[in-house]
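2 protein chains.
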Amino acid sequence: MFIDTLIDKVIEKNNPSVVGLDPKLEYIPEHIKKAEFDQYGMNLKAAAEAILKFNRSIIDATYDIVPAVKLQLACYEMYGLEGIRVFNETANYAKQKGLLVIADGKRNDIGSTAEAYSAAFLGSTPLMGEASETAFGADALTVNPYLGIDGIKPFLNDCRKYEKGIFVLVKTSNKSSGQIQDLLTATGKSMYEIVAEYVVEWGKNLKGKYGYSSVGAVVGATYPNQAKILRRIMKEVYLLVPGYGAQGGTARDVAHSFNSDGLGALVNASRSIMCAYQSDMWKDTYDETHFAEASRAEAIRMRDEINDAIGKK
Amino acid sequence: MFIDTLIDKVIEKNNPSVVGLDPKLEYIPEHIKKAEFDQYGMNLKAAAEAILKFNRSIIDATYDIVPAVKLQLACYEMYGLEGIRVFNETANYAKQKGLLVIADGKRNDIGSTAEAYSAAFLGSTPLMGEASETAFGADALTVNPYLGIDGIKPFLNDCRKYEKGIFVLVKTSNKSSGQIQDLLTATGKSMYEIVAEYVVEWGKNLKGKYGYSSVGAVVGATYPNQAKILRRIMKEVYLLVPGYGAQGGTARDVAHSFNSDGLGALVNASRSIMCAYQSDMWKDTYDETHFAEASRAEAIRMRDEINDAIGKK
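For the record, the sequence lines run as chains W and D.
Note that the numbering used here has the first sequence beginning at 53, numbered continuously upward.
Note that the numbering used here has the second sequence beginning at 53, numbered continuously upward.
Mixed in with the good hints there might be a few duds.
For identical chains, the list gives no copy identity; a pair is met inside one copy or between any two copies.
Unchecked claim - Below, a list of computed lysine-lysine pairs in the DSSO-like style, where the Cα atoms sit at most 27 Å apart: (1) K213 with K97; (2) K256 with K227; (3) K76 with K86; (4) K61 with K105; (5) K241 with K227; (6) K227 with K213; (7) K280 with K86; (8) K205 with K227; (9) K227 with K105; (10) K76 with K213; (11) K76 with K205; (12) K97 with K147; (13) K261 with K97; (14) K97 with K76; (15) K65 with K97; (16) K241 with K105; (17) K280 with K261; (18) K256 with K335; (19) K61 with K335.
Simulated from the structure, these hints should not be mistaken for laboratory data.
These numbers come from a predicted model, not from an experiment.
Chain W with its partners taken away, still in its complex shape:
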């Protein structure tokens, strides 16, 4: 099961944090970009190649300390076909290094279409007769719950059949997430509480040996009070926690997302790891030719800080 493999890796590496490979061109050192733009010209292909080189270096520098990477699909789609090729190559490279790959696509649609998304990212795409082929082959996908269970079911089927996982958006890390997610319903519960109850229900038949389900939830680090409530409602749900680092979430904030077993949450950091070499903390130690070492140093610092905060909770 996805969730068991994930937790095995979290325990093995003693690290509940993941590297978010959500690259933007401004994150990438000049010497990498220059080489690619010189070779391919000023186009999407050059940009995508620069991203691939950058991603590989960060994976090389962190694969032995993190259990998984999260790839934000938007950051690849913006470079068109070449970007999506690089998404795929990055995912394959990470898998070769023993990392789990979470595709952060927040996909959602009606049932028959959700089936197509699930085939694309988790399952396998049917061809003629019994033949099929894997399109992207991530280990898990983030999904949006706005359409209810029939948009989720196809993913659940593939989670079972292919040992994959999903993380359902419950409470997102952005400022305006409350506009819909915090609305108080007539039952006295807020929208995010109701969605959390759905997530528990949707994942109840996908539990593994640690008692957690392969149906996880996205709960932003920037809302620690809501995280406390959601942790209680979704006891056996793994939380994928964005918003740590550059978005303002602290280790103390994310600690609320863990259970007392020290498990139950996966904290993502994207910018703070990818751009560590540009940060006040690391820029004096590592120049931009040593960006990957800066990312490693920050990934280790983050791991230790979060482990520390969990211990202290």
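With the hints as your guide, set chain D onto chain W.
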């Protein structure tokens, strides 16, 4: 403005319906699939090529009678990189034929990431300095509102800058859409009503010469009663209406989505047009080598049926 161009085309062609190019292999005639699988082998590339040939024939057979096509991204993503290449080629082919292209991706994320999605589908992707390149270049994109305004704003900026449009999910056509969308809030309004009010607000500065906004909404044909309510709340919002035909929505149902000016809604049909040659209505007239003529006949029948229903409302 996107919305003006759209309405110009709706008026010119006297047709408020669009062809949904949401292909599945089982929709495609055997002779097309066989040719591609024979040439490329049993793989995603052959499947994608079959879809491209199929799409082109349907565009050729309908471009003079419809204002736009809607391309469901999931149906292309499931064929991997080759599928996305074919999405792009189909979109470009449709644009060459004078059609508007609606990318149905239901994208959503926090602000900085929504910016990347918007660059991918509506705007342009920045490279170095002032340079940029278009990744996919659709005319409009469907988006999911669950993250609130900061996930929408980047799209609004590009709608203004590049004359594009978005359609925000409000009430979807699937069975379980009510699980979240119909929830009654403490204010006495349902979730879909509140989202509808947001859509009005988000689009108020993007209105064109007909009084409609480039920020539209998705409202399923399968919920005519909700459509009536939503039509009232969102007077100047163009509704993209899925669910007609194969999903069970009738012309009478979709009539509720129009305003008394005969405008205000765009009805999508995917399966019923793509698979017209397989349908009880057309299979005796057109065999599978004449699938495109069947699609044309069905597109004309649908146009007339909807125009009739609007007149009769």
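Going through the hints against the structure:
no., hint, result
1, K213 with K97, "between (36 Å within a copy, 24 Å between copies)"
2, K256 with K227, "between (31 Å within a copy, 22 Å between copies)"
3, K76 with K86, "within (15 Å within a copy, 42 Å between copies)"
4, K61 with K105, "within (25 Å within a copy, 45 Å between copies)"
5, K241 with K227, "both (20 Å within a copy, 23 Å between copies)"
6, K227 with K213, "between (37 Å within a copy, 24 Å between copies)"
7, K280 with K86, "neither (46 Å within a copy, 56 Å between copies)"
8, K205 with K227, "between (29 Å within a copy, 12 Å between copies)"
9, K227 with K105, "neither (33 Å within a copy, 45 Å between copies)"
10, K76 with K213, "between (34 Å within a copy, 21 Å between copies)"
11, K76 with K205, "between (33 Å within a copy, 19 Å between copies)"
12, K97 with K147, "both (23 Å within a copy, 23 Å between copies)"
13, K261 with K97, "neither (44 Å within a copy, 39 Å between copies)"
14, K97 with K76, "within (14 Å within a copy, 29 Å between copies)"
15, K65 with K97, "neither (35 Å within a copy, 39 Å between copies)"
16, K241 with K105, "neither (47 Å within a copy, 51 Å between copies)"
17, K280 with K261, "within (24 Å within a copy, 49 Å between copies)"
18, K256 with K335, "neither (46 Å within a copy, 45 Å between copies)"
19, K61 with K335, "neither (30 Å within a copy, 55 Å between copies)"
In the structure shown, a violation is registered for the earlier hints numbered 7, 9, 13, 15, 16, 18 and 19, in ascending order.
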